[in-house]
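K.L.:
Next come the chains, spelled out residue by residue.
Number of protein chains: 2
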Amino acid sequence: MKKYAIIVAGGSGSRMNSAIPKQFICIDNKPILFHTIQRFLDYSEKIEIILVLPKEQITEWDKLCNQFSFSPSIKVTHGGASRFQSVKNGLALINEEGLVAVQDGVRPFVTRTILDQTYQLAAEKGNAIAAISLKDSIRSVSDNITKSEDRTKFKLIQTPQTFKVSLIKKAYLTPEDPLFTDDASVLERTGEKIFLAEGSPQNIKITTPEDLIIAEALIKNFVY
Amino acid sequence: MKKYAIIVAGGSGSRMNSAIPKQFICIDNKPILFHTIQRFLDYSEKIEIILVLPKEQITEWDKLCNQFSFSPSIKVTHGGASRFQSVKNGLALINEEGLVAVQDGVRPFVTRTILDQTYQLAAEKGNAIAAISLKDSIRSVSDNITKSEDRTKFKLIQTPQTFKVSLIKKAYLTPEDPLFTDDASVLERTGEKIFLAEGSPQNIKITTPEDLIIAEALIKNFVY
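These protein sequence lines map, in sequence, to chains A and B.
According to my numbering, the stretch in the first sequence is residues 2 to 225, in order.
According to my numbering, the stretch in the second sequence is residues 2 to 225, in order.
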């Protein structure tokens with residue numbers, strides 16, 4: 002089946018205390034977003050990549066591509082007011098059946114194994130969501146009461162979140178809900194069962210200055 | 002109120018693929034455990050520190066103390082077969098009322114602010130548990146069905162977990178249960194309400210080779 006990837010790079014630099022959007026900050030001397038896109042280019046030449054960027058960042062994107070001589074053959078489209086709208090804009094560019102991986106632009110440590118497993122499981126089951134077990138204890142919080150929970154009964158969710166195109170396009174017709182923090186929750190709303198694949202603790206989302214320090218260290222030891 | 006700290010260092014090097022126990026692995030050229038202990042020494046000279054170590058690691062501990070000229074004025078006691086038993090052994094050395102912080106030996110990035118806030122809240126409320134919000138989406142897993150959960154209704158739990166001595170000593174009379182993954186869950190079993198204090202994303206528990214890479218990067222930028 003044809004493979005697609007939607008790379009969602011909607012972030013600002015606010016939580017990063019940075020004037021430049023977090024996806025454009027460099028690790029190992031290259032913008033984070035370039036690393037993320039490169040993982041998919043390295044995975045397969047035949048993959049069709051759609052980058053979703055805020056409209057006001059397109060000029061900067063073009064400038065960076067020139068500066069770093071990065072000229073991937075990908076489609077670029079404008080982001081919306083929320084992650085939900087941005088993914089929806091990306092999906093609008095896909096008109097054939099296939100498998101689509103939705104990936105956070107600031108999650109550059111996805112591996113070939115994770116991509117393989119999520120595309121394969123999605124081909125079989127309709128969807129596959131990268132997830133990891135909890136290392137720390139967890140408590141639920143409700144009305145100021147906290148309660149210890151069995152951590153083996155929870156998974157932390159990452160990207161890629163990979164889907165049969167027709168399923169996820171249909172799911173994104175659902176009205177937006179603030180509880181949609183990822184694509185799996187959008188698909189779930191349509192009644193589909195969600196399937197988890199093994200992510201990796203290294204596959205972090207870079208959102209804070211500490212994450213940037215961590216990412217700079219991880220990339221020196223990263224095995225794709 | 003008198004302040005105590007129990008530092009629990011029961012780990013082996015198994016998940017670390019290391020021949021030496023993880024708490025003895027060096028970051029910034031000093032064993033992780035020394036960093037953790039130093040945070041409490043720096044916090045207050047008057048704090049009474051109890052280190053709980055597996056019996057078979059005491060010789061190595063003494064050797065490392067000599068090698069690094071580290072001679073803190075602390076009590077050292079033997080660990081038990083589980084974290085529960087180890088903390089219980091540590092508590093057995095405390096015979097006066099006060100406040101006790103239980104701290105993972107491999108969590109060296111605790112800050113003065115976290116220590117301040119947990120000791121203070123525990124003085125007021127009886128307990129205070131360092132916790133952080135989730136950055137990732139979370140799903141619950143039960144009988145192979147996964148369900149999206151509202152991540153704002155959960156907290157990831159860290160140490161220090163700080164208590165009034167009498168409360169936590171009484172709680173540790175409870176029979177051990179595999180669901181006790183931390184001290185808060187032991188106290189909760191006695192019917193006490195649990196109170197959370199703000200931890201920090203940097204306050205990681207070092208358990209895997211990736212954590213070691215991350216810790217080595219964090220420590221160069223660490224602000225106590």
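Keep in mind the hints are simulated off the structure, nothing from the lab.
Watch out, some of these pointers could steer you wrong.
Heads up, the list lumps identical chains together, so a pair's fine if it works in one copy or across two of them.
Calculated lysine-lysine pairs in the DSS-like style (CA-CA distance at most 27 Å, straight line) [said to hold, decoys possible]: (1) 89 to 221; (2) 194 to 56; (3) 206 to 165; (4) 148 to 31; (5) 89 to 148; (6) 165 to 47; (7) 194 to 154; (8) 136 to 154; (9) 206 to 154; (10) 221 to 194; (11) 56 to 154; (12) 56 to 206; (13) 126 to 148; (14) 148 to 221; (15) 221 to 3; (16) 31 to 154; (17) 171 to 148; (18) 148 to 170; (19) 89 to 165; (20) 136 to 194.
Keep in mind the model is a prediction, meaning the values are calculated, not measured.
K.L.:
Determine for every hint whether it applies to the structure shown.
P.N.:
Do the hints match the structure? See the list:
In this assembly of identical chains, residue 89 and residue 221 lie within 27 Å of each other by CA distance neither inside one copy nor across copies; the values are 34 Å within and 41 Å between. Taking the shortest Cα distances, residue 194 and residue 56 never come within 27 Å of each other, neither inside one copy (34 Å) nor across copies (49 Å). Taking CA atoms no more than 27 Å apart as the test, residue 206 paired with residue 165 passes inside one copy only; the shortest distance there is 24 Å, against 37 Å between copies. Taking identical chains as interchangeable, the C-alpha atoms of residue 148 and residue 31 are never at most 27 Å apart, the minima being 43 Å within one chain and 37 Å between chains.
In the homo-oligomer, the alpha carbons of residue 89 and residue 148 lie at most 27 Å apart only across protomers (22 Å), although the nearest pairing inside one protomer, at 37 Å, exceeds that limit. For the homomeric pair residue 165 and residue 47, the shortest alpha-carbon distance inside one copy (17 Å) is at most 27 Å, but the shortest distance between copies (62 Å) is not. Both within a single protomer and between protomers do residue 194 and residue 154 lie at most 27 Å apart by alpha-carbon distance, with minima of 17 Å and 23 Å respectively. In this assembly of identical chains, the alpha carbons of residue 136 and residue 154 lie at most 27 Å apart whether taken from the same copy (12 Å) or from different copies (18 Å).
Within a single copy, residue 206 and residue 154 get their C-alpha atoms as close as 22 Å, and across copies as close as 20 Å, so both meet the 27 Å cut-off. In this assembly of identical chains, the alpha carbons of residue 221 and residue 194 never lie at most 27 Å apart, being 38 Å within a copy and 45 Å across copies at closest. Proximity of residue 56 to residue 154 under the C-alpha cut-off of 27 Å is found in neither arrangement, the shortest distances being 40 Å within a copy and 33 Å between copies. When the C-alpha separation of residue 56 and residue 206 is checked against a cutoff of 27 Å, the pair qualifies only within one copy, where the shortest distance is 22 Å, while the shortest distance between copies is 40 Å.
Within a single copy, residue 126 and residue 148 get their C-alpha atoms only as close as 34 Å, which misses the 27 Å cut-off; across copies the closest is 16 Å, which meets it. Taking CA atoms no more than 27 Å apart as the test, residue 148 paired with residue 221 passes in neither setting, with 39 Å inside one copy and 36 Å between copies. For the homomeric pair residue 221 and residue 3, neither the shortest alpha-carbon distance inside one copy (32 Å) nor that between copies (45 Å) is at most 27 Å. Taking the shortest Cα distances, residue 31 and residue 154 never come within 27 Å of each other, neither inside one copy (38 Å) nor across copies (36 Å).
For the identical chains of this complex, residue 171 and residue 148 are inter-copy neighbours only, at 19 Å across copies versus 37 Å inside a copy, given an alpha-carbon limit of 27 Å. In this assembly of identical chains, residue 148 and residue 170 lie within 27 Å of each other by CA distance solely across copies; the values are 20 Å between and 38 Å within a copy. Taking the shortest Cα distances, residue 89 and residue 165 sit within 27 Å of each other inside one copy (15 Å), while across copies they are farther apart (52 Å). Taking the shortest Cα distances, residue 136 and residue 194 sit within 27 Å of each other both inside one copy (25 Å) and across copies (24 Å).
In summary, the structure is inconsistent with hints 1, 2, 4, 10, 11, 14, 15 and 16 from the numbered list given earlier, while agreeing with the others.
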